[in-house]
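Novice: What follows is each chain in one-letter form.
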Amino acid sequence: MQRVGVFVCWCGSNIAGTVDVQAVSEALKNEPGVVYSANYQYMCSQAGQEMIKAAVKEHRLTGIVVCSCSPRMHEATFRKTAAAAGLNPYMVEIANIREQCSWVHKDMMTGTEKAIILGKAAIAKVNLNAPLTPGESPVTKRALVIGGGIAGIQTALDIADAGFPVDIVEKQPTIGGKMAQLDKTFPTLDCAACILTPKMVDVAQNEKIRIFSYSEVTDVHGFVGNFDVKIKKKARYVKEDICTGCGACVEKCPMKKVPNEFNLGMDNRHAIYIPFAQAVPKVATIDPNACNMLKNGKCGVCAKVCAAGAIDYKQKDEIIEEKYGAIVVATGFNPISMDKFDEFAYSQSKDVITSLEFERLTNAAGPSAGKLLRPSDGKHPHTIVFVQCVGSRCAACAEKGKEYCSKICCMYTAKHAMLTRDKYPDTEVYVFYIDARTPGKNFDEFYRRAVEEYGVKYIKGMVGKVVPEGDKLKVQASDLIANKQLHIDADLVVLAAAIEPDKSARPLATMLTASMDTNDFFTEAHPKLRPVESPTAGVFLSGACQGPKDIPETVSQAGAAASKVIGLLAKDKLTGNPCVASSNELMCNGCSTCERVCPYGAITYIDKEFRMPDRTTKIRRVAVVNPAVCQGCGACTVACPSGAMDLNGFKNSQIMAEVDAICK
Amino acid sequence: MQKITREQLLEKACALLASGEVSCVLGWGAGEFGYDVTPTVFKTAEELKEGFVFGDFCGVNFSKYLVSKTQKLEGKILVFLKPCDTYSFNQLLTEHRFDREKVYAVGIPCEGMADIAKVKAIAGEGIVSIEAKGEKLLVTTLYEDAPVEIDAKDVLAERCVNCKSKKHVAYDELLGEEGDVLDSARFDEVARLEAMTPDERFAFWQNELSKCIRCNACRDACPACTCEKCVFDNPNSGVENKSPANSFEEKMFHIIRAFHVAGRCTDCGECSRVCPQNIPLHLLNRKFIKDINEFYGEYQAGAEVGARAPLVNYTTEDLEPGEVFDRRGENA
Amino acid sequence: MQVNEYKPLIVAFCCNWCSYAGADLAGNNRLAYPADVKIIRVPCSCRVNPMFILRAFQRGADGVIICGCHPGDCHYTSGNYYTRRRMAALFSMLDFLGIERARTRVEWVSAAEGAKFAATMNDFAEKVAALGENKRLEDLRCKK
Chain A
1 MQRVGVFVCW CGSNIAGTVD VQAVSEALKN EPGVVYSANY QYMCSQAGQE MIKAAVKEHR
61 LTGIVVCSCS PRMHEATFRK TAAAAGLNPY MVEIANIREQ CSWVHKDMMT GTEKAIILGK
121 AAIAKVNLNA PLTPGESPVT KRALVIGGGI AGIQTALDIA DAGFPVDIVE KQPTIGGKMA
181 QLDKTFPTLD CAACILTPKM VDVAQNEKIR IFSYSEVTDV HGFVGNFDVK IKKKARYVKE
241 DICTGCGACV EKCPMKKVPN EFNLGMDNRH AIYIPFAQAV PKVATIDPNA CNMLKNGKCG
301 VCAKVCAAGA IDYKQKDEII EEKYGAIVVA TGFNPISMDK FDEFAYSQSK DVITSLEFER
361 LTNAAGPSAG KLLRPSDGKH PHTIVFVQCV GSRCAACAEK GKEYCSKICC MYTAKHAMLT
421 RDKYPDTEVY VFYIDARTPG KNFDEFYRRA VEEYGVKYIK GMVGKVVPEG DKLKVQASDL
481 IANKQLHIDA DLVVLAAAIE PDKSARPLAT MLTASMDTND FFTEAHPKLR PVESPTAGVF
541 LSGACQGPKD IPETVSQAGA AASKVIGLLA KDKLTGNPCV ASSNELMCNG CSTCERVCPY
601 GAITYIDKEF RMPDRTTKIR RVAVVNPAVC QGCGACTVAC PSGAMDLNGF KNSQIMAEVD
661 AICK
Chain R
665 MQKITREQLL EKACALLASG EVSCVLGWGA GEFGYDVTPT VFKTAEELKE GFVFGDFCGV
725 NFSKYLVSKT QKLEGKILVF LKPCDTYSFN QLLTEHRFDR EKVYAVGIPC EGMADIAKVK
785 AIAGEGIVSI EAKGEKLLVT TLYEDAPVEI DAKDVLAERC VNCKSKKHVA YDELLGEEGD
845 VLDSARFDEV ARLEAMTPDE RFAFWQNELS KCIRCNACRD ACPACTCEKC VFDNPNSGVE
905 NKSPANSFEE KMFHIIRAFH VAGRCTDCGE CSRVCPQNIP LHLLNRKFIK DINEFYGEYQ
965 AGAEVGARAP LVNYTTEDLE PGEVFDRRGE NA
Chain Y
997 MQVNEYKPLI VAFCCNWCSY AGADLAGNNR LAYPADVKII RVPCSCRVNP MFILRAFQRG
1057 ADGVIICGCH PGDCHYTSGN YYTRRRMAAL FSMLDFLGIE RARTRVEWVS AAEGAKFAAT
1117 MNDFAEKVAA LGENKRLEDL RCKK
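Chains as they are written, first to last, in my numbering: chain A, 1 to 664; chain R, 665 to 996; chain Y, 997 to 1140.
Some hints could be false.
[What the hints assert, rightly or not] Footprint (simulated), chain Y over chain R, 3 or more residues, beta carbon under 8 angstroms: (1) 860 to 869; (2) 969 to 982.
[What the hints assert, rightly or not] DSBU-like cross-link-like pairs, simulated, lysine-lysine; straight-line CA separation at most 30 angstroms: (3) A:252 to A:314; (4) R:707 to A:608; (5) A:171 to A:233; (6) A:484 to A:465; (7) Y:1112 to A:400; (8) A:252 to A:402; (9) A:618 to R:893; (10) A:608 to R:740; (11) R:766 to A:618; (12) A:298 to Y:1003; (13) R:875 to R:954; (14) A:608 to R:893; (15) R:736 to A:608; (16) A:618 to R:954; (17) Y:1112 to R:954; (18) Y:1112 to A:664; (19) A:171 to A:230; (20) R:740 to A:618; (21) A:230 to A:350; (22) Y:1131 to A:651; (23) Y:1003 to A:664; (24) A:664 to R:740.
If you're looking for bench data, these hints aren't it; they were derived computationally from the structure.
From the three backbone atoms N, C-alpha and C, an ideal C-beta is built for every residue, glycine too.
When you get a sec, could you build the whole thing from the sequences and use the hints?
Specialist: Written out as structure tokens, the structure reads:
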């Protein structure tokens, strides 16, 4: 039996004004377990706390009930008081007789009655409290960044800068991501490569950073501070440490007709290739689907010309196992496929392109060496129509596109339109838009310059149809403001395709037990207050994997994620919340029901040997909760059919006792 | 009226025992009367020939027994599973309740089992023997000179009248022909109750549940109730102990039990079959199944091993608890 | 002695992260609601076992309300979604047994919705009071 002390606070007149505190402390004196009951003006004051400490010593209290303000206010205070008096801090319960009693009830009698009942419930609960000790777990001081775009690069650099080792896993042969494909960046129009490639070099030269390019995460186990990760390093058939990136092999490779992914298939590359000049690592990769040597053993030219002897046709995929304390997801985005938008004739005409393709067309390192030429005939286009929101904000056509706004398209379209007019003033540029959304620093000014200074024709309305006719593209559209149909003969149509999370994100989320929304964007732990953390402890979010983002936003989020990681890795030990679930293995069925509702993947199963009453042994599957991962929601306790799963601090018996005390 | 015969099953069981494929057989054993068949473990062909029975009263769903038998017995167990039993079998596998490797499951067709209460209602008490003859049952009683002839269809158990499936969803070997999932009328009675006024429903259930003697037979027979420690036996659960009047569990027993198995109940009907008071307990389970189907899409527990039960699943678009009533209108 | 008018007994299970804080906010703003409402703090609405609700009814509660975070806002990401399914199933079952619908309710109340908390409790208490004492769950299995 506990020895419970009850301390009723007046809170000046806040409580005492509508609750007869004397009557409350008198009434609670007779409750089971109560050996001491007192009241005082301000329990939370120094004097009030001293009074509690003295009573703990004098009356050898094992549990404390404070009838006062909300536990959200002073539970922590009174737990510290209890600890200072030598009690376990979790032997304290608060009866909220201010916010949920004296402040909402006007009349002294009802207030007092209710305060007594709330006090009884707290006493009933504390009688069943048990001392709780938070668990501790060590922290592996190494971070994993999944994705090597600008988000991953910035996160890795910031973490490394704080002195912690970081590994970047990138599925492409080079880091750089989407930003490496861009020409200029809005709203400052600085060249993407000029600001990105120095960062890529920084990554390559940073001693704290390892790059696993052409690699994928295949398995994740463990929990915050202690993740065990398997990384598959795909065979690139070139020894990374020997290859100098001289490019001799690429030049001599006879297989020249492989669509070049980096230029979105608008030109070709060789079977052995380096994606672009500033690639990091600058190492060749052989495409096994295109290489004759790998397909049928006939060729071997690259091996012959490689002075360093870096070619290795026998190379195998390699699995790397590493431990990490924190994981940052930076898997980025892709434009959606235009298959379902054939009204814009994307599949019918080479001159209907996506905005990312337009980036490559205007990029000096692109397929047309930066000259804006029509993909079909290489002629200079004189009339260009930009179509916004292709697949974005598709509320009515969710099966076709996305319901959300892709956020970056308004700005990059303004950029494309402006740059076109700047370089080729003889070109007529139309932009069809639903709304021009420009909420960012210097964004609206930028957009207005496109309209006012560069004479881009912004037309509010949607393009209904694009029909290729001869060497023209007949664009049928509506101008909503003038309320009329428009017919434009265009030379080039550019579609601002919606963006979606990378396809690798969903399986990764499953591995990480990190939650996603219906669009496959990772969800944050709190949409406002914890925007760079996933609900799964130790997993952080950087960049467009969490939602559409432009570069400045991505970089700031990357920095934020890095700071959260640094905060975690700086700790030697993690102290958990002791109010976690635990399973009574004697009662556990091992049925896996609890595992299914756990949002954190905190529950695993082991086969455990039990000694039976007849001295035989029996092996049964039972659930084990990892207290470092469990956040204490209690979903498992209700899902558990046998009641084996219970929650410390909110045990079934404790809540039942509260119910009984209230309903008596 | 069963199409498959005792002899066929016996032959299969003896052959599997002889080959060493299985070490014992979980089958129906003769009870005191022809109709009280007892689940029995047979270890030899001799035991089988002596005690193994099969007929219209072999309703016992063996799936549940596998939980304890696979732990206790050495080697593989041969178990005969009717189509409805296979759903329970799968559900228990989903919940990791027994080792599949230790079971050799033989699916057998079922033409529906007879309900002894219905037989007694026609033939009277004092039944000495019941013999199946084609579509008829010949019932000999102490009080009649000649056996009473009953149409087997007239005494089918309620769960068999509304059979949901003649298809086996799990087996190692199938005897006889495979059937199909059926369009049963099993929710009609639930719908009839839903259509009543709340007062009528309350009166109905007050009448039914007040017959309960808390014998726990429904729980003990239920293949979803295989907990290592049942909450009703656990002194710390707050709902333990058996029958003192006016205690918490007494009133709530059936609601709690039905909720505990909701989403896991395969609707095998064992609860109602074993209830000595003939309380239609399956209606509570069916109510949950019907609701789940209507609220969250069709779901048949046990149809698939590893399926995620609806109550441990969600979508962001689920209906609100208050909308449950809006859908139903005034009565239902 | 004054004649005791009937006062319903209402148990409110409130999620620590949203509605419990919403109740605190109602207090801060002095928004009154009946003292018949007694709050039990739980870490998440998904911690509320149907057994707790039945227990409350059996011990004489006239109404039970569960308050959680708005769908999509669960502190633990998915707890309230499970609550939503469990309670939909349970409430439908209680209705099936002939228990008055207005005795049970689920409401989503955020930490910022003090006014909604008070309004919800006023409304719920009023509806429960209109039903009178909870006899049916107590009497469900009484010997006739």
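Novice: Tell me the numbers of any earlier hints that the structure contravenes, in ascending order.
Specialist: Violated: hints 7, 8, 12, 16, 17, 21, 24.
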